[in-house]
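Listed in order, the protein sequences are those of chains S and U.
For the first sequence, this note's numbering puts the final residue at 257, and the numbers step up evenly by one.
For the second sequence, this note's numbering puts the final residue at 257, and the numbers step up evenly by one.
Certain hints may be false.
In silico lysine-lysine, DSS-like type, Cα no more than 25 Å apart, as pairs [as the list claims (entries may be wrong)]:
id	chain 1	residue 1	chain 2	residue 2
1	U	Lys250	S	Lys124
2	S	Lys206	S	Lys70
3	S	Lys70	U	Lys65
4	S	Lys124	U	Lys124
5	U	Lys250	U	Lys70
6	U	Lys65	U	Lys154
7	S	Lys250	U	Lys250
8	U	Lys154	S	Lys124
9	U	Lys250	S	Lys65
By construction, these hints were calculated from the structure, which means they are not laboratory data.
Number of protein chains: 2
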Amino acid sequence: MCELMGMSANVPTDAEFSFTGLIERGGGSDIHRDGWGIAFYRGRGVQEFRDPQPGVESDIARLVKRSGIKSTLLISHIRRANIGGVSVENTHPFVRELWGNYWTFAHNGQLRGAKKNLHLGRFKPVGSTDSEHVFCWLLDRIAVAFATRPKSAKTLWRLIDELTREARVFGVFNFLMSDSQHLYAHCSTRLHWLTRQAPFGSARLKDLEMSVDFSQHTSDSDVVTIIATDPLTSNEHWHRMESGQIAIWKNGRRQSF
Amino acid sequence: MCELMGMSANVPTDAEFSFTGLIERGGGSDIHRDGWGIAFYRGRGVQEFRDPQPGVESDIARLVKRSGIKSTLLISHIRRANIGGVSVENTHPFVRELWGNYWTFAHNGQLRGAKKNLHLGRFKPVGSTDSEHVFCWLLDRIAVAFATRPKSAKTLWRLIDELTREARVFGVFNFLMSDSQHLYAHCSTRLHWLTRQAPFGSARLKDLEMSVDFSQHTSDSDVVTIIATDPLTSNEHWHRMESGQIAIWKNGRRQSF
Chain S
1 MCELMGMSAN VPTDAEFSFT GLIERGGGSD IHRDGWGIAF YRGRGVQEFR
51 DPQPGVESDI ARLVKRSGIK STLLISHIRR ANIGGVSVEN THPFVRELWG
101 NYWTFAHNGQ LRGAKKNLHL GRFKPVGSTD SEHVFCWLLD RIAVAFATRP
151 KSAKTLWRLI DELTREARVF GVFNFLMSDS QHLYAHCSTR LHWLTRQAPF
201 GSARLKDLEM SVDFSQHTSD SDVVTIIATD PLTSNEHWHR MESGQIAIWK
251 NGRRQSF
Chain U
1 MCELMGMSAN VPTDAEFSFT GLIERGGGSD IHRDGWGIAF YRGRGVQEFR
51 DPQPGVESDI ARLVKRSGIK STLLISHIRR ANIGGVSVEN THPFVRELWG
101 NYWTFAHNGQ LRGAKKNLHL GRFKPVGSTD SEHVFCWLLD RIAVAFATRP
151 KSAKTLWRLI DELTREARVF GVFNFLMSDS QHLYAHCSTR LHWLTRQAPF
201 GSARLKDLEM SVDFSQHTSD SDVVTIIATD PLTSNEHWHR MESGQIAIWK
251 NGRRQSF
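Chain S extracted, bound-state conformation:
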């Protein structure tokens, strides 16, 4: 399987702490050795880093940790391959453009029969994972439904919810996705989240000796939500998502839907 990590914030935020916790599971504290990737939204663009090497052995991952890149939205993934070999083209997150926005997608799980049953349109997978296939299928269905971004975000959310229900019958479908404005999370089996806001406290990573006092790095109006397969810290309260639940964040805040 794999692990997911995402962030939605109302101010450009350095994700070094959470990324460090996640990447340690890429061959250090856990077995997700088959590559990793991260996509930072910056302005309208996406700055991505990916490597088919284990996260804990990756020079690129070390650079990302100390890069100081700040973002309001990111998706990251560490991989343990099941469907599709270990290669650049099979590293998540996958990226496509729709409506002049970059969409990104990372998946944890297996969808048996999805390749055969979910028929593709204009978006085609480059690699051989079930994950990229389902992402292309989702985007095609969205593109067919809406030639441009719908004025009402909820109209889009309802379609994504419907499509998610259609795809999840094929198996385990924990995913993070972004349309460049919202962060979408769907839980089949395992996904947790927490929102940090004032008063900020200290947090301690679960996977290695590292703590941070967020009150030193934030202002009172900051809102930062982290989503992860398993809680990344040991002294904070993480919410466990329910199976079948879809959640949406914008600027760090949960959207009612």
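Put chain U on the given structure of chain S with help from the hints.
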């Protein structure tokens, strides 16, 4: 303006030497300070690095130099902004997927009126450059003409040649593009290339003190072509492309067309 660099090779090749020469012009030996990017084709995938910072000041560029990443095809770009602000979304190379292949594109020049006159279809620019606009237009016209990759590569090349003629009336259109198999180069004003093959010799960068003896790093069957806006080395013979010329390489070898 900007500068371009590309490589096509018949064996995965480390481009540290050429990339080092190019990136020095990103604020060191020259003025192209407004960001840079590089896309390495690895297998069917693309590993990309981009940064809106000047190349000579970029930690990410330093990492790319010493990364040892080997590729048979790459496109790189250092930017001096004219149309479109300095931002991640305006850094080249741009990437899109068509036919299950990643296409990449980098441009040097200005195309005045292209945004108004070249109408877009399914591919939309995310940033505000004329370059990304033209790339999206090219891909849309190719996608409309061929639902899947044509069996004859020359059929595709002829269309790309026609479209290039159509777009270049708007101004200076030096570009590098790849469909993941071929490297396309079009020269309006300035583009040079050379092919290195046995017997390999030594090369010396023009922009900083660095030499390499390729005979120590190659085998007799290696063929490596480098394309660059201006020659990167001072002791080798670079071919200057003619204005209006399009050239295509595959596995390091020029394709007759």
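Would you check the hint for lysine 124 of chain S and lysine 124 of chain U, treating anything up to 25 Å between C-alpha atoms as holding?
17 Å, holds
Under the criterion that the straight-line Cα-Cα distance not exceed 25 Å, is the pair lysine 70 of chain S, lysine 65 of chain U satisfied?
23 Å, holds
For the pair supplied as a hint, lysine 154 of chain U and lysine 124 of chain S, is the alpha-carbon distance within the 25 Å limit?
Between lysine 154 of chain U and lysine 124 of chain S the Cα gap is close to 23 Å, so the pair holds against 25 Å.
Given the hint that lysine 250 of chain S pairs with lysine 250 of chain U, does the C-alpha gap stay at or below 25 Å?
Between lysine 250 of chain S and lysine 250 of chain U the Cα gap is close to 45 Å, so the pair fails against 25 Å, i.e. violated.
Run the distance test for lysine 250 of chain U versus lysine 70 of chain U: straight-line Cα separation, threshold 25 Å.
16 Å, holds
Hey, lysine 206 of chain S versus lysine 70 of chain S, does the alpha-carbon distance stay inside 25 Å?
With a Cα-Cα distance of about 23 Å, the restraint between lysine 206 of chain S and lysine 70 of chain S holds, given a limit of 25 Å.
Given the hinted pair lysine 250 of chain U and lysine 65 of chain S, is their Cα-Cα distance within 25 Å?
The hint is violated at about 37 Å.
Compare the distance between the alpha carbons of lysine 65 of chain U and lysine 154 of chain U with 25 Å, and conclude whether the hinted pair is satisfied.
35 Å, violated
Assess, step by step, whether the Cα of lysine 250 of chain U is no farther than 25 Å from the Cα of lysine 124 of chain S, and give holds or violated.
23 Å, holds
This entry does not satisfy hints 6, 7 and 9, going by the numbered hints stated previously.
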